[in-house]
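Asker: Chain residues, written in single-letter form:
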Amino acid sequence: MIAFLARTRHPGRTDITDWLAWGWATLGTLVVAIPIAWAVISSLKTEAEINSFPPALVPRAAQTITVEGQEKPLSVWIRTAPDGSEQTVALVRRVGLSATVLDPAKPEETFRVPVTELRQLKEFHLQFSNYTEPMKQFDFLRYLWNTVFVTVVATVLTLLLNSMAAFALSKYRFAGRNAMFALILSTMMIPLSVIMVPAFMVIVGLNLADNLWGVILSTVSTPTGVFLLRQYMLTIPDDLIEAARVDAASEFRIYWRIVLPLCAPALAVLAIFSVIWRWNDFLWPLIVLSSPENYTLQIGLSSLQGQFNVQWHYILAMTVVTLLPVTVVFIFLQKYITEGVASSGVK
Amino acid sequence: MTAISMKDLRKSYGSLEVIHGIDIEVQSGEFIALVGPSGCGKSTLLRMISGLEPISAGQMSFDDQRVNELSPAQRQIAMVFQSYALYPHMSVRKNLSFGLENLRMDKAEINRRVDAAAKLLAIDGYLDRRPKALSGGQRQRVAIGRAIVRQPRVFLFDEPLSNLDAKLRVQTRSEITKLHKQLKTTMIYVTHDQVEAMTMAQKIVVLNKGKVEQIGRPLDLFERPANLFVAGFIGSPRMNIYPGKVVSTDGDGVMLDSPHLGRFIVPGIGVDVQVGNDVAIGLRPSHLKLGPVTPGTGGGTMTVEQVESMGHETFVYGRTSQSDELTIVHVPGHFEAETGSSLTFTFDPVFAHLFSSADGRSLKGARI
Numbered sequence: 001m002i003a004f005l006a007r008t009r010h011p012g013r014t015d016i017t018d019w020l021a022w023g024w025a026t027l028g029t030l031v032v033a034i035p036i037a038w039a040v041i042s043s044l045k046t047e048a049e050i051n052s053f054p055p056a057l058v059p060r061a062a063q064t065i066t067v068e069g070q071e072k073p074l075s076v077w078i079r080t081a082p083d084g085s086e087q088t089v090a091l092v093r094r095v096g097l098s099a100t101v102l103d104p105a106k107p108e109e110t111f112r113v114p115v116t117e118l119r120q121l122k123e124f125h126l127q128f129s130n131y132t133e134p135m136k137q138f139d140f141l142r143y144l145w146n147t148v149f150v151t152v153v154a155t156v157l158t159l160l161l162n163s164m165a166a167f168a169l170s171k172y173r174f175a176g177r178n179a180m181f182a183l184i185l186s187t188m189m190i191p192l193s194v195i196m197v198p199a200f201m202v203i204v205g206l207n208l209a210d211n212l213w214g215v216i217l218s219t220v221s222t223p224t225g226v227f228l229l230r231q232y233m234l235t236i237p238d239d240l241i242e243a244a245r246v247d248a249a250s251e252f253r254i255y256w257r258i259v260l261p262l263c264a265p266a267l268a269v270l271a272i273f274s275v276i277w278r279w280n281d282f283l284w285p286l287i288v289l290s291s292p293e294n295y296t297l298q299i300g301l302s303s304l305q306g307q308f309n310v311q312w313h314y315i316l317a318m319t320v321v322t323l324l325p326v327t328v329v330f331i332f333l334q335k336y337i338t339e340g341v342a343s344s345g346v347k
Numbered sequence: 348m349t350a351i352s353m354k355d356l357r358k359s360y361g362s363l364e365v366i367h368g369i370d371i372e373v374q375s376g377e378f379i380a381l382v383g384p385s386g387c388g389k390s391t392l393l394r395m396i397s398g399l400e401p402i403s404a405g406q407m408s409f410d411d412q413r414v415n416e417l418s419p420a421q422r423q424i425a426m427v428f429q430s431y432a433l434y435p436h437m438s439v440r441k442n443l444s445f446g447l448e449n450l451r452m453d454k455a456e457i458n459r460r461v462d463a464a465a466k467l468l469a470i471d472g473y474l475d476r477r478p479k480a481l482s483g484g485q486r487q488r489v490a491i492g493r494a495i496v497r498q499p500r501v502f503l504f505d506e507p508l509s510n511l512d513a514k515l516r517v518q519t520r521s522e523i524t525k526l527h528k529q530l531k532t533t534m535i536y537v538t539h540d541q542v543e544a545m546t547m548a549q550k551i552v553v554l555n556k557g558k559v560e561q562i563g564r565p566l567d568l569f570e571r572p573a574n575l576f577v578a579g580f581i582g583s584p585r586m587n588i589y590p591g592k593v594v595s596t597d598g599d600g601v602m603l604d605s606p607h608l609g610r611f612i613v614p615g616i617g618v619d620v621q622v623g624n625d626v627a628i629g630l631r632p633s634h635l636k637l638g639p640v641t642p643g644t645g646g647g648t649m650t651v652e653q654v655e656s657m658g659h660e661t662f663v664y665g666r667t668s669q670s671d672e673l674t675i676v677h678v679p680g681h682f683e684a685e686t687g688s689s690l691t692f693t694f695d696p697v698f699a700h701l702f703s704s705a706d707g708r709s710l711k712g713a714r715i
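Protein chains in written order, with the working numbering: chain A, 1 to 347; chain B, 348 to 715.
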């Protein structure tokens with residue numbers, strides 16, 4: 001790995017291209033990695049800490065102390081007296097520019113000091129409740145299940161339908177084959193935002209509004225998938241299919257037993273793409289689904305963002321949870337993904 | 348055991364006709380070879396027999412039953428492809444049993460047949476390997492095995508040996524011949540290699556440009572080619588062809604005059620030959636001898652261009668003075684000649700083949 005990264009254009013010496021390449025690679029890595037790292041770190045901060053300015057890198061929380069005679073735990077501050085001496089105090093309440101504090105050693109005596117003399121004491125703290133709370137409060141397990149359901153079912157159907165279309169387009173000769181293929185490809189150029197309204201009306205007409213199947217069925221046939229699989233199937237020799245035909249295999253059996261297994265690499269690529277697409281899908285599920293029990297993760301996430309307040313600590317935590325499955329998929333299948341991107345030019 | 352009859356078979360792609368009415372009768376249990384240069388339509392014809400390629404016109408029947416509309420499976424044929432077309436994701440055993448599973452055959456029967464075929468072809472040692480892990484010769488045998496287990500009515504071979512090296516090709520050639528003797532199934536074998544056709548087939552069909560040029564036993568084609576095309580195609584190296592003219596005819600034969608070979612009389616030719624006709628004279632390299640021309644023989648002089656000695660035989664390539672085409676002389680044993688040197692060759696006119704220059708037809712009486 002080190003040897004790989006340290007390679008230079010001319011063995012044994014470094015020139016400007018090496019520095020530019022390293023610089024560019026480092027910059028790219030940082031640009032991609034910093035927001036993710038920031039999100040992960042921030043997801044473990046308390047709500048107050050996320051909103052505090054200037055932001056801190058390490059998740060911290062105010063140090064608290066339980067004092068006799070006070071109901072709640074009090075936050076701990078350092079008071080710098082005008083004479084320069086420092087003293088640890090607990091904050092009871094704060095009104096305007098002055099604060100009521102007490103000395104934890106003598107809890108009965110409270111006294112007032114200007115806030116400018118106070119500096120809060122913070123300690124390292126991981127706020128795991130950012131993760132556990134929404135799980136209870138917002139029914140995230142429900143959203144998670146909905147997302148998994150949509151992703152798995154849509155991916156299976158995508159693989160089946162697209163491979164069937166690709167099989168027909170690559171291995172049968174029929175009138176209008178190329179026109180059909182061009183038509184399928186041309187739908188790639190129409191963005192969802194253009195067909196959003198009519199597509200939604202179709203879903204309503206099919207009684208699939210606010211139904212997970214409404215999200216699934218409208219996404220299973222993708223021009224990308226048909227294109228990717230067709231190109232791959234073109235490389236399967238026709239001889240194999242004819243041999244199977246001579247071997248008395250039905251057309252479906254040829255598809256199922258010969259073509260599909262031989263397409264495994266392309267199917268893997270499409271499966272990964274489909275998982276990523278469906279998992280991250282936001283706009284279409286948002287349009288189709290309206291009741292909270294049908295929400296997918298992405299929509300559930302957005303529901304944490306209200307009109308008047310944004311619960312960043314929950315959003316960030318749940319975003320990290322949402323990222324995990326896709327990341328795991330990517331780590332294990334990155335060879336196929338890079339191959340797929342290289343061979344199909346889509347991502 | 349199936350007899351195949353083809354009557355006026357035609358194949359066209361749109362307005363382009365590639366097979367122009369072919370009539371072939373294949374006896375039950377016969378081994379016939381379809382030969383011809385590339386693009387002559389032999390593979391297309393084989394695919395029409397198999398049912399993979401629809402028949403545009405004419406009739407194909409197996410044992411007097413019309414099969415034009417039947418699928419390959421219904422025709423019960425088995426085919427060995429040039430590329431072998433083994434299923435790369437299946438083991439050898441699966442490759443062999445796939446066709447039988449499709450017929451919903453009993454498991455025990457499938458195993459029995461696969462094992463029998465594997466033993467017959469000596470591939471039983473690697474039934475669990477994938478095709479990728481096999482050598483070319485082994486793949487070839489698996490492909491044949493896949494055809495055998497089905498116990499088909501007809502075996503079709505599409506240039507099965509063209510991907511093998513020379514030594515393996517000779518070996519597999521004899522194995523297929525042996526297989527045919529054991530199974531006694533009708534076999535149709537497509538090849539562009541006339542040596543394969545000559546050595547394996549009981550009957551050869553020579554095709555050219557979508558038409559049958561001649562059908563016959565291998566030796567018949569060699570000794571009595573029906574036309575110039577067959578004469579040039581069958582035999583290796585090819586027959587020498589020279590232009591000539593009929594000078595006179597009488598009861599004994601025809602006197603010919605050729606700028607390359609001089610004047611000589613070919614005995615025993617009567618039909619269709621008239622004085623003044625242009626003819627093509629065909630002489631096999633083995634019928635030419637080096638040596639001076641004597642009365643009663645024909646002969647010429649050539650400038651040597653190349654000598655190929657195989658040790659036990661030598662082919663001398665040269666040009667007669669006015670000729671565009673090479674003259675090839677077969678010399679038994681080892682022989683050496685300087686390039687550019689002049690050699691005289693001679694032949695017995697009895698061996699000359701005569702063809703009409705107008706249409707290439709053999710002018711009969713063609714002989715050994």
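Keep in mind the hints are simulated off the structure, nothing from the lab. There may be inaccurate statements among the hints.
[Said to hold, decoys possible] Below, a sample of chain A positions facing chain B; criterion: calculated Cβ distance under 10 Å:
#	residue
1	R13
2	T14
3	D239
4	I241
5	V246
6	A248
7	R253
8	R257
9	I258
10	P261
11	A264
12	A268
Ideal placement from N, C-alpha and C gives every residue a C-beta, glycine not left out.
Asker: Any CB of chain B closer than 10 Å to the CB of I258/A?
Answerer: Holds - the Cβ of I258/A comes within 10 Å of chain B, reaching about 6 Å at its closest.
Asker: Is the interface hint for R253/A satisfied, with its Cβ closer than 10 Å to some Cβ of chain B?
Answerer: For R253/A, the interface hint holds, since the closest Cβ of chain B sits about 6 Å away, which is under 10 Å.
Asker: Answer holds if the nearest beta-carbon of chain B is closer than 10 Å to that of T14/A; otherwise answer violated.
Answerer: 43 Å, violated
Asker: With a cut-off of 10 Å, does the beta carbon of D239/A approach a beta carbon of chain B closely enough for the hint to hold?
Answerer: 4 Å, holds
Asker: Per the CB criterion, is A248/A less than 10 Å away from chain B?
Answerer: A248/A check passes; min Cβ-Cβ to chain B is 4 Å, inside 10 Å.
Asker: Holds or violated: I241/A as interface residue toward chain B, Cβ cutoff 10 Å?
Answerer: OK, holds: I241/A within 10 Å of chain B, min 9 Å.
Asker: May I ask you to test the interface hint for R13/A with respect to chain B, counting a Cβ-Cβ separation under 10 Å as satisfied?
Answerer: 44 Å, violated
Asker: Taking the least C-beta to C-beta distance, is R257/A closer than 10 Å to chain B?
Answerer: 7 Å, holds
Asker: Double-check A268/A for me: the hint is only fine if its C-beta lies closer than 10 Å to a C-beta in chain B.
Answerer: Cβ of A268/A sits 14 Å from chain B, so the hint is violated.
Asker: Let me know if the C-beta of V246/A comes in closer than 10 Å to any C-beta of chain B, holds or violated.
Answerer: Result: holds, 4 Å to nearest chain B Cβ.
Asker: For the hint on A264/A, just tell me whether its beta-carbon gets within less than 10 Å of chain B.
Answerer: 8 Å, holds
Asker: Was the hint right that P261/A lines chain B, CB cutoff 10 Å?
Answerer: Holds - the Cβ of P261/A comes within 10 Å of chain B, reaching about 5 Å at its closest.
Against the hints set out earlier in the document, violations occur for numbers 1, 2 and 12.
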